[in-house]
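Numbering-wise (my numbering), the sequence shown opens with residue 8 and increments by one.
These are computed hints drawn from the structure, not numbers from a lab. Some clues are possibly wrong.
[As the list claims (entries may be wrong)] With a straight-line Cα cutoff of 30 Å, these simulated DSBU-like cross-link-like pairs (lysine-lysine) come out: (1) LYS38 with LYS67; (2) LYS198 with LYS281; (3) LYS339 with LYS278; (4) LYS261 with LYS57; (5) LYS289 with LYS304; (6) LYS280 with LYS311; (7) LYS280 with LYS261; (8) LYS343 with LYS137.
Given the structure is predicted, the values throughout are model-derived calculations rather than measurements.
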Amino acid sequence: MNFEFYGRSNTAEEWLGFLADQLSTRPQQSKLDFPVHLAEGFVSCFEFEKDFFVRIWQFKANQKLVFNSKSFLDQEDFFTITFTTLANTQKHSPFHPPPQDKEEFQFFVENRGSKNINMLLWKGAVSHSKTFEQGDSAVILTILMNKHWLLNNGLIDNSNPKDSLLKLLIDSNPINVNYQPSLQMVDLFEKILNTHTTVSSGRLMLRGRIYEFLAQIFSQLSERNILPKVDKVNASDLQHLVRIEHSMHHDFSKIMTIKGLSIGAGMSESKFKKIFKQVFGKNVHEHYNDCRLEVAKDLIVSGKMTVSEAGNYVGFANLSNFSSAFKKKYGKLPSKI
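Whenever a hint applies, use it, and build me the whole structure from the sequences.
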């Protein structure tokens with residue numbers, strides 16, 4: 008079943024109302040429940056301040072659903088950041104051939120059985136499509152803000168052409184960002200999703216958590232090495248990239264090489280290195296090393312492994328090399344966290 012809505016409306020109530028009309032239901036207290044024959048779950052929309060909106064989708068599709076978001080061409084300075092997780096017990100591909108219209112793109116990257124958060128950034132003047140197959144369980148957090156809001160909150164410097172975040176946001180192509188969040192980020196993400204906004208303090212609590220989450224995301228984005236030219240990554244290449252990157256967090260049984268990874272992704276080495284850095288913000292070796300250290304840190308903090316066990320698990324030859332790399336990244340020895 009297909010639904011259409013504009014990426015941004017004047018108010019949160021207007022946006023929910025437009026979607027509710029197509030679902031033949033009515034929203035209550037910023038929340039819209041799906042009719043059970045379509046999906047089990049809901050979508051919420053909030054406007055915490057002028058030019059700052061938040062949408063939360065949580066549902067399991069009971070039939071194929073397609074949501075088409077139309078561009079709002081008068082809002083060139085409006086930006087969207089979307090975080091998604093997607094799971095499905097049925098075997099199918101969420102990918103579709105890239106559309107010919109350069110102003111549109113397909114939304115999802117594969118995230119089956121992974122705790123990675125997929126993040127997409129795009130301008131409001133870009134249309135997009137979200138497709139969910141029957142059985143898909145989706146959690147989506149969408150944050151919309153305009154350039155004035157970013158400037159007023161000191162998140163971008165309009166006078167500085169080298170501002171990395173500004174360069175990332177103003178690009179006309181959607182930017183795919185995929186990473187394995189820290190335990191702190193996962194915990195905050197889950198708190199946002201589980202905030203009860205029907206209670207008097209709920210909206211205030213949700214607002215604070217959204218701002219904290221966004222602050223951490225912008226901190227990470229500002230550290231990304233932005234390429235001089237951002238190329239559009241088609242759905243097939245992105246699927247292979249995400250699969251390869253996922254293995255970096257879970258397969259430490261063999262040494263990974265650029266040649267081996269590029270063959271696994273079905274690309275030349277030069278193409279693989281270029282679009283890998285564009286999507287993940289670092290070159291392959293830097294990202295893989297960070298993956299190993301992040302996994303090791305989470306294992307140590309959670310108490311699942313000792314320092315030596317964690318270092319050995321992620322492939323460090325000895326404790327000394329592991330401790331040295333860990334301290335370089337986190338500023339302290341693994342035994343001190």
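Hints that the structure is at odds with (numbers, increasing): Of the numbered hints, 2, 3, 4, 6 and 8 do not hold.
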